[in-house]
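Read in our numbering, the sequence shown has 19 at position 2, and its numbers run on one by one without any break.
It is worth saying that the hints were derived from the structure and are not from the lab.
Idealized CB from N, CA, C, for every residue including glycine.
Any given hint could be a false lead.
[Stated by the list, open to error] Cβ-Cβ distance ranges computed for the label pairs, FRET-style:
1. 45 <-> 22: 24 to 30 Å
2. 126 <-> 46: 27 to 33 Å
3. 116 <-> 48: 29 to 35 Å
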Amino acid sequence: MLVDVSRGQIAVEDAVGQLRDLPFRDLGFARADTHRHLRTGFPEVVLGQGKTGEQIGAILIELARGGSTVMATRVSPEVVSGVLQDVRAAGFAARHHAVPKVVVVGPPPVVDPARGTIAVLSAGTADIPVAEEAALTAEL
């Protein structure tokens, strides 16, 4: 962005406006933390419950623009197809995991054996969605 300012491709005022909100991007209905991955080394997780499909999609797209993988949990079956369509139309790869109701945007994680092993245990079939969500979270 600063190179674009120096070349005259972006006005100084526009660049200041873009930098002012960092590391957050105000979407009107949510403030997307675009630097969480840089600060923590972990991707952002969006709680989809209570949000519209358009809101979930907009948040995922904004966070994915930062280049990291992002996950939305508790995405209702009624909105998931719209979320996937919006995210893919914005040029991002998106995967839906139906049982845990999770949408993952971005490249699949690279397995690093040096990170160790995590076991996710379930006491019964009612716990399977939560266990799968935990396993996906650990993979990211």
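How the hints compare with the structure:
no.	hint	result
1	45 <-> 22: 24 to 30 Å	holds (26 Å)
2	126 <-> 46: 27 to 33 Å	holds (29 Å)
3	116 <-> 48: 29 to 35 Å	holds (30 Å)
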